[in-house]
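Trainee: Residue numbers (my numbering), protein chains in the order written: chain A, 90 to 415; chain B, 90 to 415.
The set of hints was computed from the structure by calculation and includes no laboratory data. Keep in mind it's a predicted model, so treat the numbers as computed, not measured. Check before you lean on any hint, since a few could be wrong.
For chains that are exact copies, the list does not tell them apart, and a pair is met inside one copy or across any two.
Stated by the list, open to error - Simulated crosslink set (SDA-like; lysine to any residue; CA at most 25 angstroms straight-line):
| hint | residue 1 | residue 2 |
| --- | --- | --- |
| 1 | 341 | 223 |
| 2 | 359 | 139 |
| 3 | 341 | 329 |
| 4 | 179 | 225 |
| 5 | 274 | 204 |
| 6 | 364 | 339 |
| 7 | 359 | 145 |
| 8 | 224 | 201 |
| 9 | 107 | 144 |
| 10 | 341 | 91 |
| 11 | 274 | 361 |
| 12 | 221 | 307 |
| 13 | 287 | 329 |
Protein chains: 2
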Amino acid sequence: MSKVKIGVDAYGGDNAPKAVVEGALSALKNNYLSRDELALVGNELPNDLLKSLEGVEIIPAKKLVTNETKPTEVLKLEDSSMYIGCKYLKEKKLDAFVSAGNTGALLASGTFVAGRLEGIKRPALVLALPSKSDKPKILVDAGANAEVKAEHFYDFAREGIAYAKFLNIENPRVAILNIGSEEEKGNTLIKDAYSLLKSHTNLNFVGFVEAREIFDDTCDVVVTDGFTGNNVLKTIEGTAYFILHELKAIIKKGGLFTKLGALFLKSPLKTLMEKIDYRSYGGTFFLGINGILVKAHGSSDAEAISNAIYVATKAARFDLLSNIEL
Amino acid sequence: MSKVKIGVDAYGGDNAPKAVVEGALSALKNNYLSRDELALVGNELPNDLLKSLEGVEIIPAKKLVTNETKPTEVLKLEDSSMYIGCKYLKEKKLDAFVSAGNTGALLASGTFVAGRLEGIKRPALVLALPSKSDKPKILVDAGANAEVKAEHFYDFAREGIAYAKFLNIENPRVAILNIGSEEEKGNTLIKDAYSLLKSHTNLNFVGFVEAREIFDDTCDVVVTDGFTGNNVLKTIEGTAYFILHELKAIIKKGGLFTKLGALFLKSPLKTLMEKIDYRSYGGTFFLGINGILVKAHGSSDAEAISNAIYVATKAARFDLLSNIEL
């Protein structure tokens with residue numbers, strides 16, 4: 090196994106730096122990677138945290154990016170952990186960079202500091218959703234590009250396919266999300282995107298898919314603009330929480346048998362909610378840039394950071410980027 | 090109580106005409122309206138069905154619209170039940186018209202045969218979703234307009250407010266669906282719509298809302314374009330079915346206690362799924378046209394048709410249209 094170098098943003102996320110350091114330690118303990126393969130980007134840390142990371146490279150960087158930092162501002166913060174992490178990606182000093190920090194700032198750093206891959210105009214957020222089959226479903230763009238043109242759908246398709254292959258899906262079927270499956274449905278953007286993807290015979294393009302089938306085994310990669318994709322993602326989240334909320338209310342109001350039933354189903358229901366929670370999945374990649382960038386959720390705890398380091402390491406070893414057809 | 094006249098499309102939906110006639114009879118039996126308040130649009134029916142409707146007005150119309158009929162085609166089918174139903178709306182011969190037929194064709198008939206209300210450019214599909222509070226949540230546009238401009242959001246807002254008031258929500262809070270709640274988030278369309286709604290001080294505009302809060306009590310009317318709205322709606326549906334599917338799989342694989350738990354929770358879970366199924370709700374209105382048009386789901390059974398007749402009757406008695414601020 091060739092050595093890789095995975096950088097982690099020490100200051101990223103609501104629970105940084107503690108959750109980040111604990112997550113890194115957990116990743117080491119689980120043998121996801123070795124100490125010399127890990128780098129922490131950011132050295133302004135309490136001594137006890139720094140000490141626990143002995144043998145891990147510490148890349149000096151300042152805590153400058155907050156949740157309020159605007160995407161354009163981060164490009165001036167050259168000493169920030171985000172900027173430096175992305176610069177190291179570009180310079181191949183890091184094979185992957187993990188951050189739970191401000192999404193907009195991270196996407197800007199990825200796009201303009203690490204830089205786009207040649208042949209890609211629009212990098213996108215790519216993530217894996219659960220599905221009814223044993224294969225995950227890839228959603229792209231999950232929220233990076235709120236304003237897109239039809240031509241960008243070809244970038245999204247190739248980014249999604251690369252991730253699908255990384256997840257061992259062979260010859261991934263690509264579909265465009267639409268409000269009907271007939272060819273004449275949807276708006277101009279969607280119809281143009283349809284013609285474009287159809288013209289690329291290298292793609293296994295299967296046409297339109299509706300959101301109600303998003304968990305069905307009718308395609309592997311669902312391509313959409315970042316505005317719609319993000320709304321779909323958050324609707325899944327909102328619906329799952331709503332169902333859980335209502336179920337709890339019913340159980341609370343219910344009689345003895347209902348409460349007993351809930352007790353018996355407690356563990357299966359927990360498994361179910363974990364399966365539905367896409368955040369517990371592979372992690373969200375920002376694909377299409379010069380390097381592997383993993384966006385961890387802002388509220389990541391140590392376990393989530395550890396998982397993100399795991400997928401980043403796996404993607405680096407697998408050479409995920411070489412899978413993007415350019 | 091003043092008399093109203095409610096028309097029902099005899100040929101609309103996958104289970105027509107049987108489910109339509111049975112639904113109409115059920116509505117009569119439940120005293121939602123009296124026989125002389127009901128009209129069936131379409132007379133090409135088996136004798137036994139026609140006979141059961143004694144005392145109900147039968148408006149002659151032909152079965153011409155199918156699921157394959159394109160929206161533009163229906164405008165030439167002047168003898169079709171859809172065309173005649175919408176013409177009668179315009180001529181005030183009907184106070185409301187219910188159809189489970191081809192959505193695109195129905196929206197075209199509504200827009201161009203019944204005609205738009207003066208002061209409204211874009212009629213929209215308006216529907217009620219469940220919510221965590223005891224009030225429903227109004228979603229508009231749920232799928233009529235795949236291509237919109239910022240100015241149409243003001244139409245959508247007024248249509249949504251009218252429906253909210255019909256559902257006894259006082260001074261409804263209006264929000265625009267976006268991928269973040271900060272003012273600078275989203276695409277140009279959304280930002281322009283934000284400025285527009287903010288400038289209309291007659292609205293109780295509360296800013297942006299994210300899809301993950303769609304069931305929360307942070308607003309009453311969620312305004313979005315028809316492409317996003319329809320995707321959100323179908324994502325809710327897909328997610329609910331997915332959760333149910335996974336739950337069944339877990340129970341099937343589970344041991345005795347899991348199965349017992351499922352048995353005890355069977356009835357609560359059924360109640361829950363019914364609450365989540367927006368199709369069992371108030372019905373979907375196509376608001377902004379000259380008349381009350383209720384779109385029943387294509388797969389409507391007799392009960393769904395009966396419910397749709399109920400809401401159409403209630404909306405006619407309540408004079409829903411007068412609630413749209415023009």
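Trainee: A separate judgement is required for each hint: does it hold in the structure or not?
Mentor: Hint by hint, here is what the structure shows:
no. : hint       : verdict
1   : 341 to 223 : between (34 angstroms within a copy, 17 angstroms between copies)
2   : 359 to 139 : neither (35 angstroms within a copy, 53 angstroms between copies)
3   : 341 to 329 : both (18 angstroms within a copy, 21 angstroms between copies)
4   : 179 to 225 : neither (30 angstroms within a copy, 50 angstroms between copies)
5   : 274 to 204 : between (36 angstroms within a copy, 23 angstroms between copies)
6   : 364 to 339 : both (22 angstroms within a copy, 11 angstroms between copies)
7   : 359 to 145 : neither (35 angstroms within a copy, 53 angstroms between copies)
8   : 224 to 201 : neither (33 angstroms within a copy, 46 angstroms between copies)
9   : 107 to 144 : within (18 angstroms within a copy, 76 angstroms between copies)
10  : 341 to 91  : neither (54 angstroms within a copy, 44 angstroms between copies)
11  : 274 to 361 : neither (34 angstroms within a copy, 32 angstroms between copies)
12  : 221 to 307 : within (10 angstroms within a copy, 32 angstroms between copies)
13  : 287 to 329 : neither (34 angstroms within a copy, 31 angstroms between copies)
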